[in-house]
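Enquirer: Single-letter residue listing:
There are 2 protein chains.
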Amino acid sequence: MRAIVLLSGGMDSLVSTAIAKDLGYDLAALHLNYGQRTEHRELKSFTSICDHYHIDRRLVVDVKHLSIIGGSSLTDKTIEVSKADLNRDVIPTSYVPFRNANILAIAVSWAEVIGANKIFVGAVEEDSSGYPDCRREFYDAFNLTIRLGTKPSTHIEVLTPVIEMKKWEIVIRGMELGAPFELSWSCYQSNDKACGVCDSCALRLRAFEQAGIRDPIEYVNRPSYI
Amino acid sequence: MRAIVLLSGGMDSLVSTAIAKDLGYDLAALHLNYGQRTEHRELKSFTSICDHYHIDRRLVVDVKHLSIIGGSSLTDKTIEVSKADLNRDVIPTSYVPFRNANILAIAVSWAEVIGANKIFVGAVEEDSSGYPDCRREFYDAFNLTIRLGTKPSTHIEVLTPVIEMKKWEIVIRGMELGAPFELSWSCYQSNDKACGVCDSCALRLRAFEQAGIRDPIEYVNRPSYI
Numbered sequence: 000m001r002a003i004v005l006l007s008g009g010m011d012s013l014v015s016t017a018i019a020k021d022l023g024y025d026l027a028a029l030h031l032n033y034g035q036r037t038e039h040r041e042l043k044s045f046t047s048i049c050d051h052y053h054i055d056r057r058l059v060v061d062v063k064h065l066s067i068i069g070g071s072s073l074t075d076k077t078i079e080v081s082k083a084d085l086n087r088d089v090i091p092t093s094y095v096p097f098r099n100a101n102i103l104a105i106a107v108s109w110a111e112v113i114g115a116n117k118i119f120v121g122a123v124e125e126d127s128s129g130y131p132d133c134r135r136e137f138y139d140a141f142n143l144t145i146r147l148g149t150k151p152s153t154h155i156e157v158l159t160p161v162i163e164m165k166k167w168e169i170v171i172r173g174m175e176l177g178a179p180f181e182l183s184w185s186c187y188q189s190n191d192k193a194c195g196v197c198d199s200c201a202l203r204l205r206a207f208e209q210a211g212i213r214d215p216i217e218y219v220n221r222p223s224y225i
Numbered sequence: 000m001r002a003i004v005l006l007s008g009g010m011d012s013l014v015s016t017a018i019a020k021d022l023g024y025d026l027a028a029l030h031l032n033y034g035q036r037t038e039h040r041e042l043k044s045f046t047s048i049c050d051h052y053h054i055d056r057r058l059v060v061d062v063k064h065l066s067i068i069g070g071s072s073l074t075d076k077t078i079e080v081s082k083a084d085l086n087r088d089v090i091p092t093s094y095v096p097f098r099n100a101n102i103l104a105i106a107v108s109w110a111e112v113i114g115a116n117k118i119f120v121g122a123v124e125e126d127s128s129g130y131p132d133c134r135r136e137f138y139d140a141f142n143l144t145i146r147l148g149t150k151p152s153t154h155i156e157v158l159t160p161v162i163e164m165k166k167w168e169i170v171i172r173g174m175e176l177g178a179p180f181e182l183s184w185s186c187y188q189s190n191d192k193a194c195g196v197c198d199s200c201a202l203r204l205r206a207f208e209q210a211g212i213r214d215p216i217e218y219v220n221r222p223s224y225i
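Line order of the protein sequences matches chains R and A.
Numbering of the first sequence is given in numbering that gives the first Met the number 0, commencing with residue 0 and proceeding in unit increments.
Numbering of the second sequence is given in numbering that gives the first Met the number 0, commencing with residue 0 and proceeding in unit increments.
Next up, chain R with everything else stripped away, as it sits in the complex:
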């Protein structure tokens, strides 16, 4: 019973990995480098988390083309660049359109080759309201595409175990499962201590505060977000 976990190194993918492990799957882990600022730091988290869970089958894929394509929207003067804001209800223009479909397609290809039937993804609807490809409907449609686009003998399915959780509930679930949060990385500004002020740090710190638990990683600044 083999499963692939998409493991960015962030808290959502960490807890999804913990859930998959808890369900008894033989795990393989997929990580994507797409030219992000903290690429090296995320890879370090990926490696540490794989070591922790004794995941030997690992695949790291470079998908630079996603940033090349996505970057076009940032350099296109006709598109306004949006500000990071936890209360945003619009899609940030820095987002790479259809990125999750690209990542899932790679995962499905690999799943068919290594005989994995499940793909665990740490997508969360709550903190991604503006991203169309983080919603349950999208994953349902993608699963239909998988059924029709892979060999009939395979039965590959994408699972999103934390998609309907609040971020703080993900923290709680992870603690229950003994997930090593100290190995995870969410900041997309720094490579040493987490900055504490970027969008991703803000979401993470708020989640830990709401859960009543101190985030074990180090921060340059540790503001309160509740």
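Please keep in mind that the hints were generated in silico from the structure rather than gathered at the bench.
Accuracy of the hints is not assured; some may be wrong.
Covered stretches of chain R, going by a simulated chain A footprint (3 or more residues, C-beta under 8 Å) [stated by the list, open to error]:
id	segment
1	50 to 63
2	132 to 138
3	143 to 149
Beyond 12 Å from chain R on every Cβ pair, some chain A residues (computed) [to be verified]:
id	residue
4	M0
5	K43
6	Y52
7	H53
8	P179
Bear in mind that the values here come from a model prediction, so they are computed numbers and not experimental data.
The C-beta atom is built at its ideal place from N, Cα and C for all residues, glycine as well.
Dock chain A against the given chain R, drawing on the hints supplied.
Expert: Coordinates of chain A only, in the frame set by chain R:
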């Protein structure tokens, strides 16, 4: 009215491009390098065909990870390697699982960035009976995934204008539209003259023979396949 054409450089993608051009679309062309033996020759065809149709907006993406993933099935001793055979009704093990979904996902990301509403793909069901991701049902499901996974303001749709044609019908349609078959490339063995004996050459030569037209490209061997 902008459209992306997936242009490998082969006859099916050439004729799909000719059809899109004939429909009056402002074209952008996407080409994938995935470490195939004739990568350089295919890129040359891509460039020549773009020049012919005055397509200035071009994107060439390296997706080496597809061959890395797909290669696993070839090196996995538990999987039998199938022989090339025009009459095959099984999926060749050299095929990269879910490859078309990977390619389409890249195309959709680019389409959203450049504001293209249509993506033309030269998929053909006839000569791809064993490939699950060449069938109409797969494309229908993928279009649903696009609708749910992209911004509501976009209306991106994948079109497969030759999917139900026989290969010889594609030749006829291309001739009607004045498609420059002499610029296209199908062989996956050679980089100079087409070999005439590989699976892809065989399908192409048979198609031209059945259409009653001489294939304008040069072959080392030009066997008859009817």
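Enquirer: For the segment 50 to 63 of chain R, count the residues whose Cβ lies under 8 Å from any Cβ of chain A; is that count three or more?
Expert: holds (count 5)
Enquirer: Within the assertion that chain A covers the segment 143 to 149 of chain R, do at least three residues meet a Cβ-to-Cβ distance smaller than 8 Å?
Expert: holds (count 7)
Enquirer: So Y52 of chain A supposedly isn't at the interface. Is its beta-carbon more than 12 Å from every beta-carbon in chain R?
Expert: holds (22 Å)
Enquirer: Check the non-interface label on M0 of chain A: least C-beta distance to chain R beyond 12 Å or not.
Expert: holds (18 Å)
Enquirer: A cut-off of 12 Å on Cβ-Cβ distance, and H53 of chain A was said to be off the interface with chain R. Does that hold?
Expert: The assertion about H53 of chain A holds, with a minimum of 21 Å to chain R.
Enquirer: Please settle this one: P179 of chain A was flagged as non-interface, so is its CB more than 12 Å from every CB on chain R?
Expert: Nearest chain R Cβ is 28 Å from P179 of chain A, so the label holds.
Enquirer: Could you check that no beta carbon of chain R comes within 12 Å of the beta carbon of K43 of chain A?
Expert: holds (21 Å)
Enquirer: In terms of beta carbon proximity below 8 Å, does the segment 132 to 138 of chain R have 3 or more residues touching chain A?
Expert: This one holds; 4 residues, not fewer than the three required, reach chain A with a Cβ under 8 Å.
Of the hints listed earlier, there is not a single one the structure fails to meet.
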